[in-house]
Amino acid sequence: MILPDYYEFCCRVKIVAGHDALEKIPALLAEMGSKKPLIITDKGVAAAGLVDIVVNALKEGVTIGGVADNVPPDSDLKVVNQLAGLYRDNACDAIIAVGGGSVMDTAKGVNIVVSENATDLMAFSGAGALNRRLKTLVAVPTTAGTGSEVTLVAVIKDHEKHLKMAFTSYFLLPSVSILDSRMTMTMPPFITAMTGMDALSHAVEGYYCLQKNPLSDAHSLAAVNMIHQYLPSVTKNPADKDGRLAMAVSACLAGISFSNSMVGIVHNLGHATGSVCGVPHGICMAILLPYGLEYNMHKRGETIAELLLPMAGEEVYRKTPKAERAEKVVSLIRQMNQDLNEITGGRHARYFSEVKDRDGKQMVPREILPEIAKAALLDGATIYNPEDQDYEENLLVLEAAWEGKPLDRNKIKKG
Amino acid sequence: MNLTNGFAFTCPFKTNSGNKALEHLPVELAGLNAFKPLIITSRELAGPKAIGTLINAFGDSGMTIGVFDDVTETADLNVVEQIREIFLKGQYDVIIALGGGIIVDVAKILNLAVSLKVADARQLSPATAIRDPLGPFVVIPTAAATGMETSKYAVLSGKIFTSVHLMPGLVVLDPRLTRAKDGKTVAEAGFAAFGRTLEAYIAPDKNPFMDAYAFTALRFIRENLASAVNKRCNKKESLAVANAVAMSGCVISNTDQNMLHRLGQVFQNTVHVHPGIIIGMCLHPFLDDCMKKDSSRIASLLLPLAGDDKYAAMPEAGRAGDALRDLCEFSYEIYRSLKGKIPRTITEAGIQQYLMKDIFDIINQEPDGAYLRTVIDRVGGSSIKA
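Chains as they are written, first to last, in our numbering: chain Z, 1009 to 1423; chain D, 682 to 1067.
Careful, some of the hints might be misleading.
Calculated cross-link-like contacts (lysine to aspartate or glutamate; reagent style EDC-like; alpha-carbon spacing at most 16 Å) [unchecked claim]:
#1 Lys1327/Z with Asp989/D
#2 Lys701/D with Glu1016/Z
#3 Lys695/D with Glu1016/Z
#4 Lys1143/Z with Asp813/D
#5 Lys1043/Z with Asp813/D
#6 Lys1330/Z with Asp990/D
#7 Lys991/D with Glu1322/Z
#8 Lys1327/Z with Asp990/D
#9 Lys991/D with Glu1016/Z
#10 Lys701/D with Glu1323/Z
Treat the hints as calculated values from the structure; they're not laboratory data.
Just chain Z, with the same shape it has in the complex:
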């Protein structure tokens, strides 16, 4: 096990997991001296009946200070300020965020406003602007993927000024994350598949990116093991409670890994594809992950090979010659995409050319790839990727990922 010359690792979030973890919230709030939480969520989560389950679990000893279900899919400064007003008006003393990435971002933004008594959220953007504890924030993720229940980042958009504000601070970490199998039980198979592959991309990129360290590694290995074991089976059998819990736990482990070791080319090109074509993040991750591994193979072959044992078990590991283990990892991830594609009746896309919107229209036309390759140059995730990227290389990867062909590694400029 390699000890880097220098590393930092932190995840202060208390993790509470189980089939009845939600019922622990009242006691946890009491431990932290909070009595009146504001529940922040979105309409989709509420319509799925998940908020009702949370509210039911809070019956004992907690006065709910309000349920706000108006978080938009894209975080919005206006909503942050409105919810902060609601928090104050109802004299709340904690926030329970029930949802995915946007809900978590919004809740973190509200927490800054109410804790710092801020009128201008912008004053707290960037790194290091927060330097004291915020109010109690309980995160209840409803997808097993983003890991935002354990990340220290929030992105809030000011749609009027066309500004995207990024907030980074250890103080933004939720106080507690609740991983409860009931929160993901109703997730449809194709969403289960893509969010699970999002989690896998965190675990894998976290394992090969530049800021990796022994603790982020251990979290990645555990996540890779569980995701490979459970994702296809849970996608097939959505009612598998134990599998759902395992996926929630592994997405959290993966979130801890990548928020410490950061992410690379898969996220870089994925962010760009998302912003140019509106492809859901998890789909981008699933499609690009094998290519990220191939792109970095010449620099991280041995590291990638270490993923084989947790992924495939000792028999496959033993039978695969050492020199072929890294490539075996890539082929196993491709196989996962293939399996998920079959399980979801083709809804889980394997290549960009397969991604279609609700009307069956292709979302990533081939001619748009140069625009994505260009947009990716502006995304910060390249900093932590082991191999440098430029426009031509971005395009090379995108073309391959569009066609679904393995990457021609001879064409990578080896830096």
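Given the coordinates of chain Z, assemble chain D onto it according to the supplied hints.
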């Protein structure tokens, strides 16, 4: 790993480890809104060189630093009260503990006293309610650690304070401070961390978050402890052991499986023997018993101990035996290279008969006291009739 029953896990500290880690302190403290640290340490136990290195790391940060460097092995709540007055008078806003063992225990209770704003630290007891997070607290372990510095426990005059809020918010591991004066010190800390994490790792109720820390700590100790004991000049290996020791504090704070730890604690509190010595000697009888109960748990140890290739190459039926052999080789190498500097039995530790009586009295009060006694008997305790 069975997740069905649910679990909770927490590790409130951030780890900064490696070259010039100390030099990051001013930025870290400013991020906590803290600008006037009081360093709690001991000239005798941590050494003037370590204190000098820490103070120099603040360079031209402009921070005013206070130093209390007079913590002794026998420090009690009176000492905490003495430092509390210094803290308040000097208007310090963050506590930095430099060293291991009692130094950190004193600093933890000091943090409790100043955070709860008690009028006198001597009012504090293990019954004191600790509901909210305490003030900013940094631990900088030296090689002379017990492994409990990063844990939720603090022990003062035999009284055990327990709260996750006692854990530090930041742990700084700097290779200039984690090199030991002698191999014995490294081995003691290493054995203590090894035994505690091993017991948690093979526990049936472990969870994947705690497991990540336990796995990393076990592998680091297995790969580095012998070299760190033998070649103390090797900074990297000592730092790897110090990392594992820090991780063990998180592990022990998140498990109920702590028999080896409790045995170590009883001897430490009663006869001031380093817990690592007791844990090291009890490891083998403990593992023998585990092997009889459920060998599959011992088998799982082969992965962190021997690495991926050896683990995968060994058929399942042979893994437990291999893990035990590996453990024997590992501890034998360390004992051999220390040439008797670390006792291998209670008899060698030279614990007086009348003190053994006290120890057995405490052990008998534990729910599993009868079993603990059999472990002590097998490491020479029976030859000392209490």
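Here's how the hints hold up against the structure:
Restraint check for Lys1327/Z and Asp989/D: the C-alpha separation of about 13 Å stays at or below 16 Å, so the hint holds. Between Lys701/D and Glu1016/Z, the direct Cα distance comes to roughly 12 Å. Compliance with the 16 Å bound is thereby established for this hinted pair. Of the supplied pair hints, the one linking Lys695/D and Glu1016/Z holds, its CA atoms being roughly 7 Å apart against a limit of 16 Å. Taking the CA atoms of Lys1143/Z and Asp813/D, the gap is about 12 Å. The hint holds against a cut of 16 Å.
Annotation: proposed proximity of Lys1043/Z to Asp813/D holds, straight-line Cα distance about 14 Å (limit 16 Å). At most 16 Å may separate the alpha-carbon atoms for a hinted pair to count; Lys1330/Z and Asp990/D meet this at roughly 10 Å. Restraint check for Lys991/D and Glu1322/Z: satisfied, since their Cα atoms lie roughly 10 Å apart, inside the 16 Å limit. Our distance criterion of 16 Å between C-alpha atoms is met by Lys1327/Z and Asp990/D, whose separation comes to about 11 Å.
Between Lys991/D and Glu1016/Z, the direct Cα distance comes to roughly 30 Å. Violation of the 16 Å bound is thereby established for this hinted pair. Among the hinted pairs, Lys701/D with Glu1323/Z is inconsistent with the structure: their alpha-carbon atoms are about 43 Å apart, more than 16 Å.
The structure fails hints 9 and 10 (numbered hints given earlier, in ascending order).
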